[in-house]
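J.: Residue numbers (the numbering used here), protein chains in the order written: chain A, 38 to 467; chain E, 51 to 288; chain F, 6 to 300.
None of these hints come from the bench; they were simulated from the model. Everything hinted at is true.
No more than 16 Å apart at the CA atoms, straight line, and that leaves these computed lysine to aspartate or glutamate pairs for EDC-like:
{"hint": "1", "chain 1": "F", "residue 1": "K264", "chain 2": "A", "residue 2": "E282"}
{"hint": "2", "chain 1": "E", "residue 1": "K128", "chain 2": "E", "residue 2": "E116"}
{"hint": "3", "chain 1": "E", "residue 1": "K60", "chain 2": "E", "residue 2": "E107"}
{"hint": "4", "chain 1": "F", "residue 1": "K192", "chain 2": "E", "residue 2": "D127"}
{"hint": "5", "chain 1": "A", "residue 1": "K425", "chain 2": "A", "residue 2": "E402"}
{"hint": "6", "chain 1": "A", "residue 1": "K252", "chain 2": "A", "residue 2": "E282"}
{"hint": "7", "chain 1": "E", "residue 1": "K250", "chain 2": "E", "residue 2": "D274"}
{"hint": "8", "chain 1": "E", "residue 1": "K250", "chain 2": "E", "residue 2": "E80"}
{"hint": "9", "chain 1": "F", "residue 1": "K264", "chain 2": "A", "residue 2": "E286"}
{"hint": "10", "chain 1": "E", "residue 1": "K57", "chain 2": "E", "residue 2": "D115"}
{"hint": "11", "chain 1": "A", "residue 1": "K110", "chain 2": "A", "residue 2": "D139"}
{"hint": "12", "chain 1": "E", "residue 1": "K171", "chain 2": "E", "residue 2": "E223"}
{"hint": "13", "chain 1": "F", "residue 1": "K94", "chain 2": "F", "residue 2": "E193"}
{"hint": "14", "chain 1": "E", "residue 1": "K57", "chain 2": "E", "residue 2": "E107"}
{"hint": "15", "chain 1": "F", "residue 1": "K264", "chain 2": "A", "residue 2": "D301"}
{"hint": "16", "chain 1": "A", "residue 1": "K425", "chain 2": "A", "residue 2": "E403"}
{"hint": "17", "chain 1": "F", "residue 1": "K264", "chain 2": "A", "residue 2": "D281"}
{"hint": "18", "chain 1": "E", "residue 1": "K156", "chain 2": "F", "residue 2": "E171"}
Only part of the chain A face toward chain F is listed, based on derived beta-carbon distances under 10 Å:
{"hint": "19", "residue": "L126"}
{"hint": "20", "residue": "R287"}
{"hint": "21", "residue": "D288"}
{"hint": "22", "residue": "D301"}
{"hint": "23", "residue": "A347"}
{"hint": "24", "residue": "E383"}
From the three backbone atoms N, C-alpha and C, an ideal C-beta is built for every residue, glycine too.
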Amino acid sequence: MKSKLWKLLAIFAVLGLVAVGCGDDDDSSSGSASESSSSESSSSESSSSESASSEAAAEEEECELARGVTDDKILFGSSQPMTGNLAALGEQAVLAMEVTRDRINDGGGVNGRMIEFIVQDDAYNPEKTVSNAQYFIEQENVFAIWASIGSATLKAALPLHDESNTPSLFPWAQDLSFYDVNNHPLFFSVNPPAYAQTKGFGNYLVDNFGTDGIKVGLMTINSVDGEQTVQGFKDSTGGDLLTDEQTWERDSTTYGPQILSFIDSGITDVYVGTGDTQFAQFLLEADQLGLDARFWGSTGTISANTIELAGELSEGAYGVNVISSATGDKPGLNEYREAMFAAGAEEAQISTASLLAYTGGLVLEEMLTLAGECLTVESFVAAGESIKNFETGGIMRPLNFSADNHLGNNDVIILQVQDGAWEELVVGQE
Amino acid sequence: MSGLKIKDLKVGYGRNEVIHGLDLEVGPGEKVALLGANGAGKSTVLKTISGLLTPSEGVISFNDDEIGGSSPSALVDKGVIQVPEGRRVFPGLNVEDNLKVANYGKSPEFLEEGLETVYKKFPILEERRKQAAGLLSGGQQQMLSLSRAIIAKPKLLLIDEMSLGLAPLLVKEFYEQLGDLFSEDVTLLLVEQNAGLALKYCSRFYVLRNGELVLQSDSAEYVDNPVALQSAYLGVDA
Amino acid sequence: MVDYIQIAWQGLVSGFAYALIGLALVMVYKTARILNFAAGTMAGISGFLAHWWAAEQDMPFGVAILFAMIMTGAGTYVIERLTVRPLVKLGDFLPIVIMTLGVEEFLANVSLLWWGGTARRYRVPGDIDRINYLIGDFRLNAWHLVVAITTFLTLSIVGYIINQTELGLGMKAFAEDQDAAKLMGIKESTVSIWTWVLSALVGGVTGIVFAPVLFLQQDYMNIIFIKGFVAAILGGFLSLSGGVAGGLLLGELEAFTIKWAPREFAAALPVVIVFIVLLIRPHGLFTREKGHERV
Numbered sequence: 038m039k040s041k042l043w044k045l046l047a048i049f050a051v052l053g054l055v056a057v058g059c060g061d062d063d064d065s066s067s068g069s070a071s072e073s074s075s076s077e078s079s080s081s082e083s084s085s086s087e088s089a090s091s092e093a094a095a096e097e098e099e100c101e102l103a104r105g106v107t108d109d110k111i112l113f114g115s116s117q118p119m120t121g122n123l124a125a126l127g128e129q130a131v132l133a134m135e136v137t138r139d140r141i142n143d144g145g146g147v148n149g150r151m152i153e154f155i156v157q158d159d160a161y162n163p164e165k166t167v168s169n170a171q172y173f174i175e176q177e178n179v180f181a182i183w184a185s186i187g188s189a190t191l192k193a194a195l196p197l198h199d200e201s202n203t204p205s206l207f208p209w210a211q212d213l214s215f216y217d218v219n220n221h222p223l224f225f226s227v228n229p230p231a232y233a234q235t236k237g238f239g240n241y242l243v244d245n246f247g248t249d250g251i252k253v254g255l256m257t258i259n260s261v262d263g264e265q266t267v268q269g270f271k272d273s274t275g276g277d278l279l280t281d282e283q284t285w286e287r288d289s290t291t292y293g294p295q296i297l298s299f300i301d302s303g304i305t306d307v308y309v310g311t312g313d314t315q316f317a318q319f320l321l322e323a324d325q326l327g328l329d330a331r332f333w334g335s336t337g338t339i340s341a342n343t344i345e346l347a348g349e350l351s352e353g354a355y356g357v358n359v360i361s362s363a364t365g366d367k368p369g370l371n372e373y374r375e376a377m378f379a380a381g382a383e384e385a386q387i388s389t390a391s392l393l394a395y396t397g398g399l400v401l402e403e404m405l406t407l408a409g410e411c412l413t414v415e416s417f418v419a420a421g422e423s424i425k426n427f428e429t430g431g432i433m434r435p436l437n438f439s440a441d442n443h444l445g446n447n448d449v450i451i452l453q454v455q456d457g458a459w460e461e462l463v464v465g466q467e
Numbered sequence: 051m052s053g054l055k056i057k058d059l060k061v062g063y064g065r066n067e068v069i070h071g072l073d074l075e076v077g078p079g080e081k082v083a084l085l086g087a088n089g090a091g092k093s094t095v096l097k098t099i100s101g102l103l104t105p106s107e108g109v110i111s112f113n114d115d116e117i118g119g120s121s122p123s124a125l126v127d128k129g130v131i132q133v134p135e136g137r138r139v140f141p142g143l144n145v146e147d148n149l150k151v152a153n154y155g156k157s158p159e160f161l162e163e164g165l166e167t168v169y170k171k172f173p174i175l176e177e178r179r180k181q182a183a184g185l186l187s188g189g190q191q192q193m194l195s196l197s198r199a200i201i202a203k204p205k206l207l208l209i210d211e212m213s214l215g216l217a218p219l220l221v222k223e224f225y226e227q228l229g230d231l232f233s234e235d236v237t238l239l240l241v242e243q244n245a246g247l248a249l250k251y252c253s254r255f256y257v258l259r260n261g262e263l264v265l266q267s268d269s270a271e272y273v274d275n276p277v278a279l280q281s282a283y284l285g286v287d288a
Numbered sequence: 006m007v008d009y010i011q012i013a014w015q016g017l018v019s020g021f022a023y024a025l026i027g028l029a030l031v032m033v034y035k036t037a038r039i040l041n042f043a044a045g046t047m048a049g050i051s052g053f054l055a056h057w058w059a060a061e062q063d064m065p066f067g068v069a070i071l072f073a074m075i076m077t078g079a080g081t082y083v084i085e086r087l088t089v090r091p092l093v094k095l096g097d098f099l100p101i102v103i104m105t106l107g108v109e110e111f112l113a114n115v116s117l118l119w120w121g122g123t124a125r126r127y128r129v130p131g132d133i134d135r136i137n138y139l140i141g142d143f144r145l146n147a148w149h150l151v152v153a154i155t156t157f158l159t160l161s162i163v164g165y166i167i168n169q170t171e172l173g174l175g176m177k178a179f180a181e182d183q184d185a186a187k188l189m190g191i192k193e194s195t196v197s198i199w200t201w202v203l204s205a206l207v208g209g210v211t212g213i214v215f216a217p218v219l220f221l222q223q224d225y226m227n228i229i230f231i232k233g234f235v236a237a238i239l240g241g242f243l244s245l246s247g248g249v250a251g252g253l254l255l256g257e258l259e260a261f262t263i264k265w266a267p268r269e270f271a272a273a274l275p276v277v278i279v280f281i282v283l284l285i286r287p288h289g290l291f292t293r294e295k296g297h298e299r300v
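All chains should be modelled from the sequences, with the hints used to inform the complete structure.
T.: Listed below in structure tokens is the structure:
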């Protein structure tokens, strides 16, 4: 009896070790990622910065540059899931950041300064995100944290950013609390919260399909994110249509039981808040089990990969996006794809994750330009708040920022898979 | 052919040395007992010969073949077979599977031959051949353990504490049967607590105390004087 | 009524995956007393290999699977010889387990470098994973049927090997009593390596047959590994059939708790149940508490 107990304890101890072991090992992979990105940028640095630095020298006495900013360089940090099941999103975001960096640097930088960034892996683990933030701010002295992925992860690290006067720029994170300018005065985003997505979904649903016989099922992740998603729908004009709420976990291997529940409840419309792989699996299992409904996917589900994985089954599925489909035909999107493919992107990396990071990069460039030669956190924030009607070539509706609104865009886009591609139905659904 | 020869053998578990330089010989076909009190190191010696333990120093040879430090499976191939202490049948395997294991890696023909022999000697095993060995009585398990050794065709047989946990009458029967179970020319070294029984069956014996040899002699001299032997065991004067 | 059958069937299909991985884990643990933490990643690589040979090297579906299985077996052989064997001689449990963690990390990185982080569809002939049959009100996916048959065949083959072959006899003997098995002339390293290979092949079958269900992506077998681990614990970790039964039970628990438990608890409930089971029966549901008879 005793020895058996010991064995069990040993097993749990070993399991504990697994967790620790995984956490530690992530460092090594991220280390290499950061090396490669910084070395690439430093090679393109030397060519075009001489004239700018002499001008800047004249102003040096009047201006104290922000941390992470020198006469010829601005350093950013980015915490990304580079391992684990969201690794694909991390890779996509980093690629878009590299595209942005190269575009700016190849054009001579902003005010003579080259962009550089460091990536650290957090494997979507908030603890790692916090320690990454510490590393960026204390060890690397970065100017700002840029384009990180994840609400739970950013939520953990954001207080640290705020305390150390470090701007948090254009993450793919959508917790409602982030957008409160009083609490987070250095947070800038173009990404509406999950709340806005389901609200937009509910409004669109009622506008286009009425309320007769409509029963809505929501499947959201079992977390605060998921609760805000549900709340957004309840606050829409379709709020009363909510009939069945189901949740999923990161370690779910099937959505069969949830789907069977939706069938039981006679659901006509299902909103699925997941990533693209999970959405594809959901469509597959819904077909297996005979759930006859309209399917609505959240931002994370809108990718070419959803269509690739689910095939025919994705036909007719709707998407609620915060941004245009990455595969659409608009000037801004064409430029984005061209740059991505030139940087070696695969078809599947043309996605919301990379497009969001890319679009954030457009605004970032504008902010840095407007902030002028004397780049301080104050001049940077003021520059951001002064941006009005910023054109993204159709990627989003023109963006507007102000002193009490650091979210450039608060509407969603409704899409549908038609003939094997995401097509936009409505841009700017509120 | 010179039987088993052990010279200056030292063995231990980790840093803890248990056998401190043992010399021992068993001639070809000779039957020899290794006696001693609990914890004297008798089983350690057998386990070292059969390869479960590795000697830290010293030489072990069998029929002029250096075997110290060989793996148990290599030793089994050379005919060095141990009947372990406490019988150590595989409790979850049935009787026949236990016997099959003894023929591991060898031709099935040998097994058939062996099974025939064994079942003739112990008909009860044939009766229970499909029963889990763990359900056999202690005596039957000892039969099974011995039968495995028969099937393995030993040249050097090492028997560890056959009397352990068995009724004295039963043990006596086993000892009387040994000559019948194994051929005359099998070299035998057996470890036993019950000196009286061992001396009746073996021609010579060694006594081990705290890992050192304290007495070796022909059995005849002590068969009628167990008290003197006891003092050798315990290291006290009788 | 059909509803319950449908739920039970869905749970069973998930349970097949847990059961097979549970079996693979128990097999190695029981015979060699080693926990193989690389089992899930190894199984995932088998799936990727089968996909790669079929989709990118244009091999016929079956041949690609055959190649993947051969690679899995050969690769495992090498891994066991290079990483596990040298440590077995030292005799400690923990270093070997930590070594398997290292192997896991290494293989995970190799597969990430090779295939990237993007999920892929594993296509099966005739896209039969997209075909559903309607039997009354019961819906049966054609690939799920393949999963069930494959599971059954795999279990039968493993059962045959364990019960009818000399390797199986050696595995059982080793599982029961290592020293006694050695004294019978069974080579530890031989039994160990073939146990590893057999275990990896079971894992490989699981990785391949579940690739169309879960999609191929980095780590896609890790969740199955964790659940297989729970299944093995549930089964007492020393019983092959216990590991299998534990897996099937866990699949059913998950399916029915999502159906009936309040949604806040649904996900945690299977784990809680397993925990309670272990408090009451630390030796698992399916093994009797027994010590080897040893005096």
